[in-house]
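**Student:** Since the structure of chain U is already known, use the hints to place chain X on it.
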Amino acid sequence: MIDRGQTLLVGAIALAVLFVSLALVLNTAIYGSTIASQGSEDVTGGQTIALQSAVERDVGFLIEQAIEERPGSYDTTGDDQQEFVEDNVSKLDERYTQYYAENDRIVSIETTSPGDFERGGLIEHGTGTFAETDVTGTHVRNFRMNVTDVSGTFTIRFEEGGDFWDVNVSPAASGGVEVQLDPPGPTTRSCTTSETEPWINVTSATLDGDHCNALDFFEQMDGDYDVTFLDRSNIEGSYSLVANGSVTTDASETDVIYAVDVTLNERSTRVDYENTIRVAPGELR
Amino acid sequence: MIADRRGVSTPVSYTLTLSIALVLVSGLLIGGTTLVGDQRDRTMQSQLSTIGEGVAGSFETADRLAASGKGDPGEVNLTRDLPRDIMGTGYAINVQSDSSLRILSASLDVRVSVRMDIESDVRVGAQEPGGRVVIWHNTTASPNKLEIDDA
Numbered sequence: 001m002i003d004r005g006q007t008l009l010v011g012a013i014a015l016a017v018l019f020v021s022l023a024l025v026l027n028t029a030i031y032g033s034t035i036a037s038q039g040s041e042d043v044t045g046g047q048t049i050a051l052q053s054a055v056e057r058d059v060g061f062l063i064e065q066a067i068e069e070r071p072g073s074y075d076t077t078g079d080d081q082q083e084f085v086e087d088n089v090s091k092l093d094e095r096y097t098q099y100y101a102e103n104d105r106i107v108s109i110e111t112t113s114p115g116d117f118e119r120g121g122l123i124e125h126g127t128g129t130f131a132e133t134d135v136t137g138t139h140v141r142n143f144r145m146n147v148t149d150v151s152g153t154f155t156i157r158f159e160e161g162g163d164f165w166d167v168n169v170s171p172a173a174s175g176g177v178e179v180q181l182d183p184p185g186p187t188t189r190s191c192t193t194s195e196t197e198p199w200i201n202v203t204s205a206t207l208d209g210d211h212c213n214a215l216d217f218f219e220q221m222d223g224d225y226d227v228t229f230l231d232r233s234n235i236e237g238s239y240s241l242v243a244n245g246s247v248t249t250d251a252s253e254t255d256v257i258y259a260v261d262v263t264l265n266e267r268s269t270r271v272d273y274e275n276t277i278r279v280a281p282g283e284l285r
Numbered sequence: 286m287i288a289d290r291r292g293v294s295t296p297v298s299y300t301l302t303l304s305i306a307l308v309l310v311s312g313l314l315i316g317g318t319t320l321v322g323d324q325r326d327r328t329m330q331s332q333l334s335t336i337g338e339g340v341a342g343s344f345e346t347a348d349r350l351a352a353s354g355k356g357d358p359g360e361v362n363l364t365r366d367l368p369r370d371i372m373g374t375g376y377a378i379n380v381q382s383d384s385s386l387r388i389l390s391a392s393l394d395v396r397v398s399v400r401m402d403i404e405s406d407v408r409v410g411a412q413e414p415g416g417r418v419v420i421w422h423n424t425t426a427s428p429n430k431l432e433i434d435d436a
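Protein sequences appear in the order of chains U and X.
Using the working numbering, the letters of the first sequence map in sequence onto residues 1 to 285.
Using the working numbering, the letters of the second sequence map in sequence onto residues 286 to 436.
Excised from the complex, chain X in its bound form:
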């Protein structure tokens, strides 16, 4: 029989092969997971930003309409339909004291801040889950405030 040393290295080569396979597959899965996660975050951010800009626009319109009248500001109620969730996750709209909006996603820890250019006061800290909302000018409050509530 011819001397055959190859049999000794078979388990070694199996081990090497499996290790390489494991490393490659793990790398692929980790990279893929990160990619998908980043994509979700970016999309969420962009969607929340769009919603935020829309709501801010309504606030600014309500502010302008309320201020345009003579004497006592009149009645202004603007209704908006917002999506109930973004990518299967709920979100909330938070009005800040510096007249900006903070939109928070419930689960993905994504938040977006939108500035508003308004002269009226706003009711701070209102946190409205998405859905149909009304942005209105509260003339019974002193001073008058712009508020956002469920419709």
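Pulled out of the complex, with its shape left as it was, chain U reads as follows:
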């Protein structure tokens, strides 16, 4: 015969287990929606940043093209570099509007000459011993050189507020070329190539196509700086740079576009954005 006490015990435990199970099953924590997946739809801020990068890249390309297709005519009336960029930015604007409209975003870009354009000087030296070059109160972009012969140490001095950043180009012990940075601080750094006629891209910080950390210092200069060539007799080759400061040089100098201000506008259900961005291809600030 089953004891009544035992029946009571089993019944009570069964009830308790039932209550606890119900509590677990009905616990709203289990049914909480997954918020992370909802959040991932909101990458619109990131898309705006991507749009900004695209505009900088596209307009930068237009600036380079304008300089190449209309050399020497920065702001002659009609048919000049500014008109080239302005017209093509309008066409680019139509393309952007069409493309982004498919994603429910209204995008527009515009630039107006001459107010949005900044003049620069394109300094070019084709061959032989480097010409005297002095630029004050400037930023530079697209500073490239091709060294054909270096017999001693040639220095490009960047001076900002009394601090000197010396880029020294000299023959390397191995027979190639060495680039060394002598910054305001105590630590110098250098990179070397075995190539005897290397290309040095000062603003992109590459030596013969490879990254050179000795040239990675532009972002440490905050404001305008001066650029001077020292001991030019030690080096031969070609170079070119675009500067927006006051230029004194024996090399050839032509007026070109240095930078363009582009007003970028984006509207969507999630983002309202309007800003003016400065496009200066090949410049590091």
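Errors might be hidden in some of the hints.
Partner residues are not named here, just some residues of chain X that face chain U (Cβ under 7 angstroms, in silico) [to be verified]: (1) 294; (2) 297; (3) 299; (4) 306; (5) 313; (6) 314; (7) 315; (8) 354; (9) 360; (10) 361; (11) 363; (12) 364.
Please keep in mind that the hints were generated in silico from the structure rather than gathered at the bench.
Bear in mind the structure is a predicted one, so any value in this text is a computation, not a measurement.
From the three backbone atoms N, C-alpha and C, an ideal C-beta is built for every residue, glycine too.
**Tutor:** Just chain X, lined up with the frame of chain U:
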């Protein structure tokens, strides 16, 4: 009749049985309640943290967009849809002076803190209940601030 002493212990055995049952059942219920409570807290914390990270991400994006322009910072408004409540409980977003966000649950006393990596100033102490919010760059304030408001 055979001597039978067993009848005396029946109430005693009933009492013992019931006491044991009571203890076991109480233990089970207490343990179960604690388990469920902990689970709710953990889930709440994780959900609030996800929301906080999302809002912080929007702040950082707005900061970057505002700073990227030339001259005067332009107009930046980012809209986010946040859930109105978490597990049936409301919550609020509080902007702190050290550029961090504190997300507070209304009833369960769960709070989460999220750091933001931004350069702009923020409007401190804004407490926004969940829902559709807009994170925007206020250029009329001096200095310019990032703010969060109802959309």
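**Student:** Against each hint, give a clear statement of whether it holds in the structure.
**Tutor:** Results of checking the hints against the structure:
1. Residue-level restraint check for residue 294 (chain X) is violated (minimum Cβ-Cβ distance to chain U is 11 angstroms; threshold 7 angstroms).
2. Checking residue 297 (chain X) against chain U by beta carbon gives a least distance of about 11 angstroms; that is not within 7 angstroms, so the hint is violated.
3. At its closest, the beta carbon of residue 299 (chain X) sits 5 angstroms from a beta carbon of chain U; the interface hint therefore holds under the 7 angstroms criterion.
4. About 4 angstroms separates the beta-carbon of residue 306 (chain X) from the nearest beta-carbon of chain U, less than 7 angstroms, and the hint is met.
5. Given the 7 angstroms rule on beta carbons, the hint for residue 313 (chain X) holds: about 5 angstroms separates it from the nearest Cβ of chain U.
6. Restraint check, residue 314 (chain X) versus chain U: the minimum CB separation of about 6 angstroms is within 7 angstroms; hint holds.
7. Taking 7 angstroms as the C-beta contact cut-off toward chain U, the hint placing residue 315 (chain X) at the interface is violated, the least distance being around 10 angstroms.
8. Hint status for residue 354 (chain X): holds, given a least beta-carbon distance of 4 angstroms to chain U, under 7 angstroms.
9. The closest approach between the C-beta of residue 360 (chain X) and any C-beta of chain U is roughly 4 angstroms, which is under the 7 angstroms cut-off, so the hint is satisfied.
10. About 5 angstroms separates the beta-carbon of residue 361 (chain X) from the nearest beta-carbon of chain U, less than 7 angstroms, and the hint is met.
11. Hint on residue 363 (chain X) holds. Least Cβ distance to chain U is approximately 5 angstroms, under the 7 angstroms limit.
12. For residue 364 (chain X), the suggested interface contact is upheld, since its CB lies about 5 angstroms from the closest CB of chain U, less than 7 angstroms.
The structure does not agree with the numbered hints 1, 2 and 7 stated previously, though it agrees with the rest.
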